[in-house]
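Peer 1: If you want the building blocks of each chain, they are given just below.
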Amino acid sequence: MLAAQIVATVIFVVMFAFIVTEKIERQYVSLGCAALVIIFVFGVCMRDVQAIIDTLAFKDFGKLSFWYAAGEGEGEGAGINWATILFIFGMMVMVEGMAKAGFFRWLCLCIAKAVKYKPTAVFVTFMLMSFVLAMFIDSITVILFLAAVTIELARLLEFDPVVVILSEIFCANLGGSATMCGDPPNIIIGTSLGYSFGDFVANTGFMAVISLVFIITYFYLVFRNKLVNKDASGATKNYPNPSEAIQNKGSFIISTIIFLIAVVLLVSHAQTGLTVATIGAFVAILTMITSFKDLKEIMKKVDYKTLLFFIGLFVVVGGLEQTGILKLIADFIAKISGGNIYIMIAIVLWVSAIASAFVDNIPFAATMIPVIKNLTEISGVPLTTLAWTLAIGTDIGGSATPIGASANVVGIAVLQKNKYSIGWGKYCKYLAPATIIVMIVCMICIYVRYCGLGV
Amino acid sequence: MDKQLIISISREYGSGGHIIAQDLAERFGIELVDNSLLSKIAEEGEISVHEIAKFDERPKRPFITRTVRGYTNSPAQNIAEMQFDYLKKLAASGQSFVVVGRCSDDVLKDYKCCVSIFIMADMPHKVQHIMGKFEMNKEEAEALIKKKNAKRKEYHNRYCTGKWGDSRNYEMCISSSSLGYEKTADIIEAYVKERYEKL
Chain A
336 MLAAQIVATV
346 IFVVMFAFIV
356 TEKIERQYVS
366 LGCAALVIIF
376 VFGVCMRDVQ
386 AIIDTLAFKD
396 FGKLSFWYAA
406 GEGEGEGAGI
416 NWATILFIFG
426 MMVMVEGMAK
436 AGFFRWLCLC
446 IAKAVKYKPT
456 AVFVTFMLMS
466 FVLAMFIDSI
476 TVILFLAAVT
486 IELARLLEFD
496 PVVVILSEIF
506 CANLGGSATM
516 CGDPPNIIIG
526 TSLGYSFGDF
536 VANTGFMAVI
546 SLVFIITYFY
556 LVFRNKLVNK
566 DASGATKNYP
576 NPSEAIQNKG
586 SFIISTIIFL
596 IAVVLLVSHA
606 QTGLTVATIG
616 AFVAILTMIT
626 SFKDLKEIMK
636 KVDYKTLLFF
646 IGLFVVVGGL
656 EQTGILKLIA
666 DFIAKISGGN
676 IYIMIAIVLW
686 VSAIASAFVD
696 NIPFAATMIP
706 VIKNLTEISG
716 VPLTTLAWTL
726 AIGTDIGGSA
736 TPIGASANVV
746 GIAVLQKNKY
756 SIGWGKYCKY
766 LAPATIIVMI
776 VCMICIYVRY
786 CGLGV
Chain B
823 MDKQLIISIS
833 REYGSGGHII
843 AQDLAERFGI
853 ELVDNSLLSK
863 IAEEGEISVH
873 EIAKFDERPK
883 RPFITRTVRG
893 YTNSPAQNIA
903 EMQFDYLKKL
913 AASGQSFVVV
923 GRCSDDVLKD
933 YKCCVSIFIM
943 ADMPHKVQHI
953 MGKFEMNKEE
963 AEALIKKKNA
973 KRKEYHNRYC
983 TGKWGDSRNY
993 EMCISSSSLG
1003 YEKTADIIEA
1013 YVKERYEKL
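The listed protein sequences derive, respectively, from chains A and B. Here the working numbering runs 335 ahead of the position in the first sequence, where the first position is 1. Here the working numbering runs 822 ahead of the position in the second sequence, where the first position is 1.
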């Protein structure tokens, strides 16, 4: 087993190194490394065909529990988490349909109009909108549309769009932490450990809402001077009309209905028994049928590269899991924390946050799930406590640096492409303290709720 | 000029490529597009020329940059793409110009009126040129040349399909060492004129 462990670890480290350097596109890296794991770890070192079958997990599609899970969710085993893949695919198809219909731009413009285009009100409402949208939709899409409208309004109202977009980025990441479908680590944690949308809302959602209050206050205090309308002339502005954002009224209504159906299905999935895989497949099929004439265009825009990256990643992490490496890490954490739940939580929370600030939080979360499962077995600390801790650490930690989360990269790219200056220094000056504030708020919440009160 | 002409000059640091490009622009009476395009980009936004210049023709730095669905937080890459877009727009407008660097050999390769030239020089000549330009000693000049050329190579190869300095990617590769800048410009001018006639 030692040889298998060494090979699996080397492949994992090499994969991470290649992902960071971006010399080769990450989906090729993860799929290539997945092939190496199958050949060398499972084939040559372990000679274990069953490990290959378990990791590829194709049999999951044939299980009733993959599509319908009455009662308590079981959670997926090791290997490729097809439920996550199918759900993300479904949401991608749905979001592309919504974007094509002009939904996001319409929503942004409606809210700006509702607050009478006052910069401070736009700033606060856009933060809230970013938080709420990111609870259901991937943060990249949220930021792409919000940032574009923010820049448009900033040029019109003459306020600084950089600080507004930075706040939106942070709130998108925070909103993503609130639900099971908001951020990929949460989907992976939820499907792997069998938690529902409601479980996430009641736990990470609760912490995210409390943090939101702190963070809006923080951003308002820090940025209020940059939100002053520089144009004091009082000249009449030609504000964009929300209805102009709608490309096609029929498609707009249909895509809005599909979105609302997806939200209802997600919120009620613990009651209906429909799994996220079923919901993903359902909204994808619904979008494909209703947007049949734009199907080719919508399907072209789906981010297959990310889906392929996930597939490869699950196999590589499966290699670490099957060889027992992740159990060794869990043993190590249990040892240095001396079985103390407070120290264990602090380690999981801050290590997750710091790691996610610098590396992709998806591979990190996927790697840590078997670790926290093992930690629970070793120490007796409830798995739920560690799961919410891991989710918050990976979701929030990514906000601290420009490369920590996808929303950060996209928001900065939109600003730079529009010729606004934003680099590491300016980003970290405002968002690193914000991240620390939220991490401390969440750590207190976890200690009080799961260790002190035991609710 | 009745037909459009674009001369793309790629050059080794210290080879005098910029001087030759300036000379060619004057000889053909067309605009020289060099780092002056940075100020044009800066004018369109809330960013200073100084800020853009910091990342001009610089390779993307690994470890502190990330790409997500084609979007990146790398200022070097975003500024490079802005420059490529600017060059494409300028070329599409039908204007004739001489462009220095900025991956123009690759960015404008689909334009039949684009003549791509690579100017090099041997090390002693490059060192001589840089020593005279910046008042530095031989070792310092040589180190600077090596550093700058490594960066140019990395920058070019990051965004282009062909490799920097690979003769297969250029219509003409010429060393400025043997004949000097003016005579080198004469040869390029003669070639471009012949080429222009056949457009």
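Be aware that a few hints might be false.
Here are the computed distance ranges between Cβ atoms for each label pair [unchecked claim]:
1) Glu962/B with Gly673/A: 43 to 49 Å
2) Glu865/B with Val450/A: 57 to 63 Å
3) Lys394/A with Lys911/B: 28 to 34 Å
4) Glu865/B with Cys763/A: 24 to 30 Å
5) Asp932/B with Lys764/A: 57 to 63 Å
6) Lys968/B with Lys628/A: 56 to 62 Å
7) Pro768/A with Glu962/B: 38 to 44 Å
8) Ile624/A with Asp932/B: 37 to 43 Å
Simulated from the structure, these hints should not be mistaken for lab results. Quick caveat, the model's predicted, so the values are computed rather than measured. Where is the CB? At the ideal position from N, CA and C, for every residue including glycine.
Peer 1: Can you give the numbers of the hints that this structure goes against, from lowest to highest?
Peer 2: Hints 1, 2, 3, 5 not satisfied by this model.
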